[in-house]
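**Q** Line order of the protein sequences matches chains A and B.
Here the UniProt record's numbering is used: the first residue of the first sequence is 1, the next is one more, and so on.
Here the UniProt record's numbering is used: the first residue of the second sequence is 1, the next is one more, and so on.
Hints were generated in silico from the structure; no laboratory data involved.
All clues given are correct.
Because identical chains cannot be distinguished in the list, a pair is counted as satisfied if it fits within a single copy or across any two copies.
In silico EDC-like links for lysine to aspartate or glutamate, alpha-carbon gap of 20 Å or less:
1. Lys150 <-> Asp34
2. Lys27 <-> Asp71
3. Lys142 <-> Glu6
4. Lys35 <-> Glu77
Protein chains: 2
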Amino acid sequence: MSLEIERKFLVVNDDFKSEAYQKKTIKQGYLNSDKNRTVRVRIADNKAFLTIKGKTNLSGTTRFEWEKEIDKKEAEELLLLCEPSIIDKTRFLVKSDHHTYEIDEFYGDNNGLIVAEIELNSENESFKKPNWLGKEVTGNVKYYNSSISKNPFKNW
Amino acid sequence: MSLEIERKFLVVNDDFKSEAYQKKTIKQGYLNSDKNRTVRVRIADNKAFLTIKGKTNLSGTTRFEWEKEIDKKEAEELLLLCEPSIIDKTRFLVKSDHHTYEIDEFYGDNNGLIVAEIELNSENESFKKPNWLGKEVTGNVKYYNSSISKNPFKNW
Numbered sequence: 001m002s003l004e005i006e007r008k009f010l011v012v013n014d015d016f017k018s019e020a021y022q023k024k025t026i027k028q029g030y031l032n033s034d035k036n037r038t039v040r041v042r043i044a045d046n047k048a049f050l051t052i053k054g055k056t057n058l059s060g061t062t063r064f065e066w067e068k069e070i071d072k073k074e075a076e077e078l079l080l081l082c083e084p085s086i087i088d089k090t091r092f093l094v095k096s097d098h099h100t101y102e103i104d105e106f107y108g109d110n111n112g113l114i115v116a117e118i119e120l121n122s123e124n125e126s127f128k129k130p131n132w133l134g135k136e137v138t139g140n141v142k143y144y145n146s147s148i149s150k151n152p153f154k155n156w
Numbered sequence: 001m002s003l004e005i006e007r008k009f010l011v012v013n014d015d016f017k018s019e020a021y022q023k024k025t026i027k028q029g030y031l032n033s034d035k036n037r038t039v040r041v042r043i044a045d046n047k048a049f050l051t052i053k054g055k056t057n058l059s060g061t062t063r064f065e066w067e068k069e070i071d072k073k074e075a076e077e078l079l080l081l082c083e084p085s086i087i088d089k090t091r092f093l094v095k096s097d098h099h100t101y102e103i104d105e106f107y108g109d110n111n112g113l114i115v116a117e118i119e120l121n122s123e124n125e126s127f128k129k130p131n132w133l134g135k136e137v138t139g140n141v142k143y144y145n146s147s148i149s150k151n152p153f154k155n156w
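Generate the whole structure from the sequences, applying the supplied hints.
**A** Structure representation (structure tokens):
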């Protein structure tokens, strides 16, 4: 149970790949994707999680989050219950000073979309911006994974 | 992970109360209550559960179900994220031959509503009908707890 403070950016080139210290294959779907509450089923490599998030605050940075690890086989069955469509992506982790960027490269209907997220301790905390970091899209609902699942990048 | 086969009936008098071998106070809400998938948070006495159910089949009796016990304090926080409104009820368990009836007496906005459910091994299995058992409402969406949560008995 925690509050997330996150800022989100587009990624303008591939340089982050050589800086990544970890890489995961992620498949995820939504059992609910409305703006007041999301229920997400995620398989990340060999682990699976059920995650419930509340409404995002006005500035788009703070959000209630609850997460439990679940059985991978059960997660595969739960993915079949999810709203269309299922998201496929690779997540790269890149260290930058004392922060970590999570960079998601999307595939399938979202091919061409790459987004970076950084978690902060307060809404005003400063952080380093690597050369591959582009325009900020924090709070832009279109870039929520729950939105991308309903309205994929190829339709934008 | 299981398939539920259930039949549901209205209850016409209080006689079931003296036959009950167990009684639980239940508080539950929905993180999703659409017809293709429901995500339920339930606190039953001192235990709490997160339950995900799939779409009901055409005859209204068979349904995919996944359930995990969760922390009661966390469940109380998750109830705050649920769609309005939260359901308050007492569940009575009554043995009838080799079956068990679950009888829910609702309170608050659903005062006056009492519903009994029986779980069967197959859709055609026979079972005993006690004197307090009334009209069958199996498959009637209005009596789903997920529907009652959105459209309580007092509005019917």
